[in-house]
Every structure is written in C-alpha cells, then in structure tokens.
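Given the coordinates of chain A, assemble chain B onto it according to the supplied hints.
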Amino acid sequence: NAGVTQTPKFRVLKTGQSMTLLCAQDMNHEYMYWYRQDPGMGLRLIHYSVGEGTTAKGEVPDGYNVSRLKKQNFLLGLESAAPSQTSVYFCASSYDRRTTYNEQFFGPGTRLTVL
Amino acid sequence: DAKTTQPPSMDCAEGRAANLPCNHSTISGNEYVYWYRQIHSQGPQYIIHGLKNNETNEMASLIITEDRKSSTLILPHATLRDTAVYYCIVPMNRDDKIIFGKGTRLHILP
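First to last, the sequence lines map onto chains A and B. Numbering-wise, my numbering puts 62 at position 62 of the first sequence, and it's gapless, one number per residue. Numbering-wise, my numbering puts 96 at position 96 of the second sequence, and it's gapless, one number per residue.
Calculated from the structure, these hints are not laboratory results. No residue lacks a Cβ here, since even glycine has one placed at the ideal position from N, Cα and C. Honestly, I wouldn't trust all of these hints.
Straight-line distance between alpha carbons at most 30 Å, and here's what the computed DSS-like set of lysine-lysine pairs gives [to be verified]:
| # | chain 1 | residue 1 | chain 2 | residue 2 |
| --- | --- | --- | --- | --- |
| 1 | A | Lys57 | B | Lys102 |
| 2 | B | Lys52 | B | Lys3 |
| 3 | B | Lys69 | B | Lys3 |
| 4 | B | Lys102 | A | Lys9 |
| 5 | A | Lys57 | B | Lys3 |
| 6 | A | Lys70 | A | Lys57 |
| 7 | A | Lys14 | A | Lys57 |
| 8 | B | Lys69 | B | Lys52 |
| 9 | A | Lys9 | A | Lys57 |
Calculated Cβ distances over 10 Å to all of chain A for the following chain B residues [unchecked claim]:
| # | residue |
| --- | --- |
| 10 | Pro21 |
| 11 | Thr26 |
| 12 | Gly29 |
| 13 | Gln42 |
| 14 | Thr56 |
| 15 | Glu58 |
| 16 | Pro76 |
| 17 | His77 |
| 18 | Thr79 |
| 19 | Ile98 |
| 20 | Gly101 |
Excised from the complex, chain A in its bound form (with noise of 0.2 Å):
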C-alpha cells in the first residue's frame, strides 16, 4: 500500500513550457486534491475532484487545469508555465463525506521551479 505517490519529484520548466503532474491513490478514495505552497506559506487549494470525471475549482485555480479520467489518478497541467507557479506542489487524498471523515493523506511534494 503505497498511498499518495506523485511524480516526478522534481522540475525545472522555462516559462511558457507545459508540463503534467501525476497523483495517484491506492486507497480506493472519492476526493483528491491539489495545493500548492509557496516559501513560508500555509496551502492553497488548487482543483479538487470528488470522483471519477468529476474536478472544481479550488482557491487559486488560474494557470491550471485538471483532469480525474480514473478514480485512482489526479492529474495537473500547467499549460503556459510562469515563473509564478514555482512552488510546491501536494497531492492529497479522502474517503468519502458521507462518513464525515474527512482525514486527508497526501504526497511528497512535487519541486517546480520556473525560469
């Protein structure tokens, strides 16, 4: 059981180059997120998805886009990339609400950098 994994690790892009960040869940849940957090920052939510084919927007959804085809993968694009998009992203994953159990597992990280 691995839980959240994300790929890849690291990035460094040019501005105005694309790029797809994977998040994948072995944990059989509903939700995933994404967040991203800047130097000294708290996180801001990005997408989120409560299912299969389901995505919304998050608090700070402009530059990105997302796409949840399988329930076990999250996907993030960054389609014209700006050097205000370097941070940290995170990945995380929940059950479901019906149990009001709204515990969130997440991912390592992924380190972008644009130039």
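Relative to chain A, chain B alone:
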C-alpha cells in the same frame, strides 16, 4: 464558513507538554475540528479530529471547549521530532475543501 485563528509560533521545552491553541468562534454545530502538522518539506500529516468531546490518540489529545469556540492540541511529551507547523482546520460543510491557514510553527527546544 468557519475560520480559525492560531498564534504564528510557539516554543516548548523537550519533554514538556506542548499546548497549541486554536480559536474557531464561528464554527457550526456539526463541523469538526481537524489538526494536521507539516514537518519541514514534507506533506501535511493528519493528527486528530473532534466534534465536541475530548479526543486522544497515540499522537496527541484534543480538548474542545464546551461552547466549541476554541480547542487545544496537546502533545504530552514533546520531542525534537515534533518541531513542525501545526494547522487547526474546520472544513466547510458545503463540500470537502480544507483551507489551510499559516498555522503555528512549534519549536521544540533541547
């Protein structure tokens, strides 16, 4: 939506109990209080959650006031490995979004 207020930083001597306060004065009757922590450069880690009763697990205890407007996370015997940022969170009821504030940076002093 309920919001939380935490002190930006605290110190605690190693081996002593660390008591981290959190104010959530606008919490609704059916909203839970969750605590997470983030050790440097790692993803946040769930610690504990509660509704109205005090809770204890292998990591910590959570004391919630009777009016539910504040809570305290207690690490009974703090070690250097407990140095981290601690987040008190009350998720919005409409959906499962969790809003992380800046948390409390806990320094354990040897």
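Here's how the hints hold up against the structure:
Only pairs whose Cα atoms come within 30 Å are accepted, and A/Lys57 paired with B/Lys102 is accepted, the gap being roughly 21 Å. Pair hint B/Lys52 plus B/Lys3 holds up; C-alpha atoms about 17 Å apart against a cutoff of 30 Å. With a CA separation close to 11 Å, the supplied pair B/Lys69 and B/Lys3 stays within the 30 Å bound. At roughly 24 Å between alpha-carbon atoms, B/Lys102 and A/Lys9 fall within 30 Å of each other, so this suggested pair holds.
Restraint check: the Cα-Cα separation between A/Lys57 and B/Lys3 comes to about 19 Å, which is no more than 30 Å; the hinted pair holds. Our distance criterion of 30 Å between C-alpha atoms is met by A/Lys70 and A/Lys57, whose separation comes to about 18 Å. Under the criterion of a C-alpha separation no larger than 30 Å, the hint pairing A/Lys14 with A/Lys57 is consistent with the structure, at around 25 Å. For the given pair, B/Lys69 sits about 10 Å from B/Lys52 by alpha-carbon distance, which is consistent with the 30 Å threshold.
For the hint linking A/Lys9 to A/Lys57, the alpha-carbon distance of about 24 Å falls within 30 Å, and the restraint holds. Every CB of chain A is more than 10 Å from the CB of B/Pro21 (nearest about 17 Å), matching its label as outside the interface. With a least CB separation of 18 Å from chain A, B/Thr26 remains clear of the 10 Å interface cut-off, as annotated. The Cβ of B/Gly29 lies farther than 10 Å from every Cβ of chain A, with a closest approach of about 13 Å, so its non-interface assignment holds.
B/Gln42, annotated as away from the interface, has a beta carbon of chain A within 10 Å; the closest lies near 7 Å. No Cβ of chain A approaches the Cβ of B/Thr56 within 10 Å, the least distance being about 16 Å, so the stated non-interface status holds. At roughly 15 Å, the least C-beta separation between B/Glu58 and chain A is larger than 10 Å, which holds for a residue marked as non-interface. For B/Pro76, the shortest C-beta to C-beta distance to chain A comes to about 21 Å, beyond the 10 Å cut-off, and the non-interface label holds.
With 10 Å as the threshold on Cβ separation, the claim that B/His77 sits away from chain A holds: the shortest Cβ distance comes to roughly 24 Å. At roughly 22 Å, the least C-beta separation between B/Thr79 and chain A is larger than 10 Å, which holds for a residue marked as non-interface. Interface exclusion of B/Ile98 from chain A breaks down, the closest Cβ pair being 6 Å apart, not more than 10 Å. Its beta-carbon lying about 5 Å from the closest one in chain A, B/Gly101 breaks the requirement of being farther than 10 Å from that chain.
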